Amino acid sequence: MSEKLIALLLRLYPSGFRAAYGEESFELIRERVRHERGIVARLRLWFDLLADLGMMMFRGFEDAQAGFASAGASADGVPSFHLLPGDSPRRGAVFFGGIITLVTLMALPSSFRRYTNDSAGAPPFPGSMGTSLPRPAIDFGKDSPEAVFAAVKHRIVEAAIANVKEHYVDRSAAEAVAETVGAHERNGDYSRVTDGRTLADVLTKDMREVSHDMNLVMVYSDQPLPERRAVDPEAIKRYRAAMMQENCTFENVEFLPHDVGYVKLNSFPDVSVCEAAATTVMQSLNHAHAVIFDLRDNRGGFPEMVALISSYLFDHPEYLYNPRDNTSERSWTRSPVPGNRLADKPVFLLTSARTASGAEQFCYDLKMLRRATLVGETTRGAAHAGVFHRIDQHFGIGIPEKRPINPFSDHDWEGVGVEPDVKVDAAVALERATGLAERALMKK
Amino acid sequence: MPKQKLNPLPSAAFHILLSLADGDLHGYAIMRQVAEQTGGRRRLGPGTLYSSIHGLLAEGLICETTPPGKEKTGEERRRYYRLTGAGRKLARSEAERLAGLVRIARAKRILREDYV
Chain A
1 MSEKLIALLL RLYPSGFRAA YGEESFELIR ERVRHERGIV ARLRLWFDLL ADLGMMMFRG
61 FEDAQAGFAS AGASADGVPS FHLLPGDSPR RGAVFFGGII TLVTLMALPS SFRRYTNDSA
121 GAPPFPGSMG TSLPRPAIDF GKDSPEAVFA AVKHRIVEAA IANVKEHYVD RSAAEAVAET
181 VGAHERNGDY SRVTDGRTLA DVLTKDMREV SHDMNLVMVY SDQPLPERRA VDPEAIKRYR
241 AAMMQENCTF ENVEFLPHDV GYVKLNSFPD VSVCEAAATT VMQSLNHAHA VIFDLRDNRG
301 GFPEMVALIS SYLFDHPEYL YNPRDNTSER SWTRSPVPGN RLADKPVFLL TSARTASGAE
361 QFCYDLKMLR RATLVGETTR GAAHAGVFHR IDQHFGIGIP EKRPINPFSD HDWEGVGVEP
421 DVKVDAAVAL ERATGLAERA LMKK
Chain B
1 MPKQKLNPLP SAAFHILLSL ADGDLHGYAI MRQVAEQTGG RRRLGPGTLY SSIHGLLAEG
61 LICETTPPGK EKTGEERRRY YRLTGAGRKL ARSEAERLAG LVRIARAKRI LREDYV
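Top to bottom, those sequences are chains A and B. For the first sequence, the numbering used here begins at 1 and goes up steadily by one. For the second sequence, the numbering used here begins at 1 and goes up steadily by one.
The reader is advised that the hints may include incorrect statements.
Stated by the list, open to error - Label-pair restraints from in silico Cβ distances: (1) A:I100 with B:R42: 23 to 33 Å; (2) A:F96 with B:A58: 22 to 32 Å; (3) A:K4 with B:V102: 42 to 52 Å.
What the hints contain is simulated information worked out from the structure, not anything from laboratory work. Everything numeric in this text was worked out from a predicted model, so none of it was measured. We treat Cβ as the ideally placed atom computed from N, Cα and C, and that holds for glycine.
Chain A extracted, bound-state conformation (with noise of 0.2 Å):
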């Protein structure tokens, strides 16, 4: 059931109803259609529905509310309720009403087709942001809908100002984002907004015009967003399995002609998890004539991984950017490793439009430490800097609390992504970079 219909359904309530209750019906109703699943229940929901709308076109919504002044004690002692109005339904009322239930009726077999559709998509990942998924633009028409929206709006500028003003690192930017932000919803120029991802965007453009930072964002999801919780040993438990079967997502490490070590990594895993197996992965290369980081499906992971495995690219200790921490004493790679000989050796980085988040980073520090020769293509833009802060199920905002030193530029790759020193389509990218490792050999 699209939120289309909804907003439809909604308009037939009355007017002051829906200016009271309308943006919580709206999500009543959105719960209801997640939940209640099947063709059974989807048709007691929609009766369900069409029987209060009905019950409300009847009644009527100040009526309902007289009733309920006029309760008091009855004279037995028993506190009653006077509910029920005298006055006939209003015609328009129960004409239009008429005329929608036969369109709704009509619509009932496409939107069932339409919500097995949209339940077949992933939820995005937890923690994820910029994800923001194809949403139906709602049609708030004249009156309430729009007016709910409204209020939705209010609701998420005022939680986005709040959030700032007390998590982002620079506090006087905070100020100014919090007061520009303030202003331009006094100038009324949200009011066009009509959906929540235009207005996430809108949002993220504001903030960053203020603060110049890439790495603040609004974002808004068609998925709901889980809350936050605790840390969960079971999910602990799930990655730490999924990490031995999965070989900590070194999917495959080889020797191709000439000594080129060949390895494909799928993300950078938790060290406190993988570190047996990195450096098993690393030391099997230790007499590569040079290496490549196949980097095209990894979308990412922990700092402390890339930092493990950049230690064996150095002579000496490196300074490594990562946006979601402070300079500090990690900041450095653990270069020289015992017994390491690849420092000096040619390295090449595969990337793809996929290459993601901590393989980003491997990436912009391997570039600006001119270590590596990237070649593919130009990386997703998600440096994921910014603490995500949940704001209703739909809307959150990554907000950057650390502020590390970036000696390389002013902007990291938020937004714009990495790009490669070769660029070539991702399909090609290996047989490039063999190309161009044996080439460097031969110059040797």
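Put chain B on the given structure of chain A with help from the hints.
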């Protein structure tokens, strides 16, 4: 047509008062709780639910509340509702009234003794 007087308390309102007896809930949770306590027979639509809530608020039988820890940043600003002392008292009177009816039904042998 004269206004009809509904005595006793509308069952939706009574169910809402009962659902809040164990703790504060938001609208959707109230709806779920009512469905649960009636074995799925009573599922309140938004109109019935919020009209009843509106009336109960106006009568001071329930009040709005903010769940602990959610005040600061506007996180999850759903309205939560809490049973007031007056609401609890009214729910008790209503339950006693119903219990009285059950006693009468038993005396008239409409309801058997073992029927709860």
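Here's how the hints hold up against the structure:
no.	hint	result
1	A:I100 with B:R42: 23 to 33 Å	holds, 25 Å
2	A:F96 with B:A58: 22 to 32 Å	holds, 28 Å
3	A:K4 with B:V102: 42 to 52 Å	holds, 47 Å
The structure agrees with every numbered hint stated previously.
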